[in-house]
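As you go down the protein sequences, you meet chains A and V in turn.
Per this note's numbering, the first sequence starts with residue 1, numbered consecutively.
Per this note's numbering, the second sequence starts with residue 1, numbered consecutively.
Incorrect hints may have been included.
Said to hold, decoys possible - If we take Cβ atoms under 10 Å as the criterion, some of the chain V residues that face chain A in the derived model are:
1. 60
2. 76
3. 79
4. 81
5. 154
6. 258
7. 262
8. 279
9. 285
As the list claims (entries may be wrong) - No more than 25 Å apart at the CA atoms, straight line, and that leaves these computed lysine-lysine pairs for BS3-like:
10. V:192 x A:122
11. A:296 x A:459
12. V:85 x A:197
13. V:192 x A:414
14. A:188 x V:192
15. A:345 x A:483
16. V:192 x A:129
17. A:254 x V:192
18. A:459 x A:345
19. A:100 x V:85
20. A:449 x A:297
21. A:63 x A:355
22. V:60 x A:215
23. V:60 x V:85
24. V:85 x A:414
25. A:129 x A:188
26. A:449 x A:476
27. A:489 x A:449
28. A:330 x A:459
29. A:459 x A:489
30. V:60 x A:129
31. A:355 x A:296
The set of hints was computed from the structure by calculation and includes no laboratory data.
Source: prediction; values computed, not measured.
We put the CB at the ideal spot given by N, CA and C, even for glycine.
Below, each chain spelled out in residue letters.
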Amino acid sequence: MKTRYMLTAIVFAGLGWFPPVFAKTLVFCSEGSPEGFNPSLYTAGTTFDASSRAMFDQLVHFKRGTTVIEPGLAESWAVSADGLVYTFKLRKGVKFHTSKNFQPTRDFNADDVLYSFERQWKQDHRDHKLSGGTYEYFNSMDMPNLLKSIEKVDDYTVRFILNEPEAPFIANMGMDFASILSAEYAEKMNAAGTPEKIDLEPIGTGPFRLLAYQKDAVIRYQAHPEYWPGTPAIDNLVFSITPDAAVRYAKLRKGECHVMPYPNPADLAAMRKDPDIQLLEQEGLNIGYLAFNTVKKPFADRRVRQALNYAINKQAIIDAIYLGAGVAAKNPIPPTIWSYDDAIKDYPYDPAKAKALLNEAGYANGFDTDIWAMPVQRPYNPNARRMAEMIQADFAKVNVNAKIVTFEWGEYLKRSKAGEHQTVLLGWTGDNGDPDNFLHVLLGCAAAKGANRARWCHKPFDDLILQAKRTPDVAKRTELYKKAQAIFKQEAPWVTIAHSVVFKPVRKEVVDFRIDPFGGHVFYGVDLRQ
Amino acid sequence: MIRFLLTRIGLIAPTFFGVTLLTFALVRLVPGDPVELLVGERGIDPARHAMLRAELGLDKPLLVQYGTYINQVLHGDLGQSIVTKTPVLQEFLTLFPATIEISLCAILFALLIGIPVGILAAVRRGSVLDYLAMGFSLIGYSMPIFWWALLLILTFSVNLGWTPVSGRISVFFYFEPVTGFMLIDSLLSGQKGAFSSAVRHLVLPSVALGTIPLAIIARMTRSSMLEVLNEDYIRTARAKGLAPWRIIILHALRNALIPVITVVGLAVGVLFAGAILTETIFAWPGVGKWLVESVRRRDYPVLQGGVLLVATVVMVVNLLVDVLYGLINPRIRHQR
């Protein structure tokens, strides 16, 4: 490897791109091409890896490898007593990237915050329609309804005024869509008649600056020497786009890349044995579940839902489907999220109890139903079809005759949202590490015709999560969410199946790579042993 | 000849429209909504969903959508990608050189090995060599490309370490693309080792992609050669006492290659189909990989425009082959 670094250094130094020292180049075999480089326009994790996580900062950050919030471009913040006004004190001396088109004349300030949010929010903003102008994450986090105004108090103070209290708002400010772009660059590109460059060759304050993108092949970044928390340990970051998992593994073995995402489960055993590879693993911020359509008979009856919870042999599913890369789920939020209640008791596998409950509910002879199985592999469910077959067999043991149904993925999402199913397999990966992002988004009454596939609207539960939304105090929110988890378990709108484990194979020379609970790949803080 | 050419060109227009209709219809027959796929589990507010569909023009009746599309195409506009918001033609032009490069190398590999193997098999008909050559070409023809490609990677890249695993050039070389052809650009860059890196990266993808055309060409050359070798003029040449290699190369091969040219023309279609898999496996940034991605994302404009462009290329190549065929085969040229 040393020869390779030397070679790199010589090649790049000769071209004047890199300092003539041992340039450290980390190669990441990414799984796909980014949709673009302005994270507010897109929703895919692959895009965020290449944009927000490499090139941008947000007002708040998540501490690397955790869901803990820490100051980012905002040094501190204060929330008004009514939970409606968030005042951010901005960091001074933060430098934007330079590029061949742009030499910043000023540091980051409040104008950049206003530009980044107003462009997404206000339809009459000059740049709103740029690059197609669809800001799906901003919209799906309900920001247009939540925001009343954003005010610049002075160059280093920004005030967000909300229409209603929203405790997860701070966590939202750390999300990818909330990345801060340069207002000065936007002005300059508009003046030059090339506004499209704002998104194609974006300027951020993040740890790496974009050097070049060869479509579908390679993305090159260079360390931002004036990055405010300190210059990155690696000099160059390269994304070598490699869609096939087997090929990514071959490249990793040969040392053609240092980090690879999404290994084939079948390759994990060999990776563990390879002395050149460290296999990192961490429980994912996700949940895979089977939701009962609670507005349809017989699932409107709580006893039926509980009975089917008893009927499923969860451990057998985890062993067969997740191949050990999953842990049984008992709560709708993963254990890595604060307020997770470990005291909750899961429904044990007990077909006799299931039959008794069905008998009590008037279904002694069982009933006919369906199980919808996703056509795609997702982080929270590696093989939904096989899982549905196992559940079908478990249901048959308690006289419930289930038919397996599947559709093309887009169609599956649409029809299950419309409530055409009886029971549906689905899951979720967290956006911002806030319990609200699971409990309200997936189980709240407001989502009962949307992401809440159980269409479950239970007032005592909903009151608790709405109250938690309005309570800024984390200790109080924790109490409320614990109560909500108890109600959820009792009412059983889902069978909580598993939280999958995320694996990340990295070369042994990689130092301090941490798995991001949000599923991203963050290279600031990572070093290479030479 | 001119009449022959005009007839061939005349056939392109209806084929072109056929392709637009077929791709448009097929893309829409496949279930899946690009907007739903864009937002995934997260879901989208119904009003916003309707608005986005309207912006993409997907709310209009299919006939109207097709009319708009054809009108656009006739004005040279293939629309822009739903995902990247970049014009389809621009994306195609960026990626197409990579596909041409790999296809040319694959066909070169197929010709350089396929023709000699075919000749040898024909000349030594019924020998062990013939059986081996034809046996291997049958295997080559039947092998799934993705499996073959992975096998090549594991053997030559991972175990033997002779070739790089994937990509077009080592990530340690960087220069602005000039022509889009890595072999040329790496030479132009003047960077030491760049050209050899590009060549080494081309070997496995060319072999993987060229295997099926190689098998077809070898078999075609053999059977066509066998036919020609039985002709009277070959017997005459032999009777004249010409050296066997002169008979084979100068007399037989010239005529035997005529059908092979047609096969090469047809192989362009096979190459594009193969490129879809080869490019995905070898992380080769060409149009094949681009189209696969657009299917997954239901990126209608890319899918429609991309298939249309690829079909156009295949049509043009076939036209050229027809012309070439006419030029070297007087029987075709003088057909009325």
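Okay, the hints, checked on the actual structure:
Annotation: interface hint on residue 60 (chain V) violated; nearest CB of chain A at approximately 19 Å, more than 10 Å. A cut of 10 Å between beta carbons decides the hint on residue 76 (chain V): the least distance to chain A is about 20 Å, and the hint is violated. Because the beta carbon of residue 79 (chain V) sits about 12 Å from the nearest beta carbon in chain A, more than 10 Å, this interface hint is broken. Here the hint on residue 81 (chain V) is kept, as its CB sits about 9 Å from the closest CB of chain A, short of 10 Å.
The restraint placing residue 154 (chain V) at the interface with chain A holds, with a minimum CB-CB distance near 7 Å, inside the 10 Å limit. A least Cβ separation of about 39 Å between residue 258 (chain V) and chain A goes past the 10 Å threshold, and the interface hint is therefore violated. Of the supplied interface hints, the one on residue 262 (chain V) is violated, with its beta-carbon coming no nearer than about 33 Å to a beta-carbon of chain A, more than 10 Å. Given the 10 Å rule on beta carbons, the hint for residue 279 (chain V) holds: about 9 Å separates it from the nearest Cβ of chain A.
A cut of 10 Å between beta carbons decides the hint on residue 285 (chain V): the least distance to chain A is about 4 Å, and the hint holds. Using a Cα cut-off of 25 Å, the hinted pair residue 192 (chain V) and residue 122 (chain A) is violated, with the two alpha carbons roughly 52 Å apart. Annotation: proposed proximity of residue 296 (chain A) to residue 459 (chain A) holds, straight-line Cα distance about 18 Å (limit 25 Å). Taken as a hint, the residue 85 (chain V) and residue 197 (chain A) pair is honoured in the structure, with Cα atoms around 13 Å apart against an allowance of 25 Å.
Between the alpha carbons of residue 192 (chain V) and residue 414 (chain A) the distance comes to roughly 54 Å, so the proposed pair goes past 25 Å and is violated. Between residue 188 (chain A) and residue 192 (chain V) the CA atoms are separated by roughly 38 Å; this puts the pair beyond 25 Å, and the hint is violated. Using a Cα cut-off of 25 Å, the hinted pair residue 345 (chain A) and residue 483 (chain A) holds, with the two alpha carbons roughly 13 Å apart. For the hint pairing residue 192 (chain V) with residue 129 (chain A), the CA-to-CA distance comes to about 45 Å; that exceeds 25 Å, so the pair is violated.
Distance hint between residue 254 (chain A) and residue 192 (chain V) is fulfilled; the C-alpha atoms sit about 22 Å from each other, no more than 25 Å. Restraint check for residue 459 (chain A) and residue 345 (chain A): the C-alpha separation of about 22 Å stays at or below 25 Å, so the hint holds. Restraint check for residue 100 (chain A) and residue 85 (chain V): satisfied, since their Cα atoms lie roughly 23 Å apart, inside the 25 Å limit. With a C-alpha separation of about 17 Å, the suggested pair residue 449 (chain A) and residue 297 (chain A) falls inside the 25 Å cut-off, and the hint holds.
Taking the CA atoms of residue 63 (chain A) and residue 355 (chain A), the gap is about 48 Å. The hint is violated against a cut of 25 Å. In summary, the hint linking residue 60 (chain V) to residue 215 (chain A) is not supported, as the alpha carbons are separated by about 32 Å, beyond the 25 Å threshold. Of the supplied pair hints, the one linking residue 60 (chain V) and residue 85 (chain V) holds, its CA atoms being roughly 21 Å apart against a limit of 25 Å. Among the hinted pairs, residue 85 (chain V) with residue 414 (chain A) is consistent with the structure: their alpha-carbon atoms are about 24 Å apart, no more than 25 Å.
Among the hinted pairs, residue 129 (chain A) with residue 188 (chain A) is consistent with the structure: their alpha-carbon atoms are about 17 Å apart, no more than 25 Å. Taken as a hint, the residue 449 (chain A) and residue 476 (chain A) pair is broken in the structure, with Cα atoms around 29 Å apart against an allowance of 25 Å. With a CA separation close to 21 Å, the supplied pair residue 489 (chain A) and residue 449 (chain A) stays within the 25 Å bound. Proposed proximity of residue 330 (chain A) and residue 459 (chain A) is supported: the alpha carbons are some 21 Å apart, at most 25 Å.
In summary, the hint linking residue 459 (chain A) to residue 489 (chain A) is supported, as the alpha carbons are separated by about 15 Å, within the 25 Å threshold. Restraint check for residue 60 (chain V) and residue 129 (chain A): the C-alpha separation of about 22 Å stays at or below 25 Å, so the hint holds. As the CA atoms of residue 355 (chain A) and residue 296 (chain A) are separated by approximately 20 Å, the hinted pair is consistent with the 25 Å bound.
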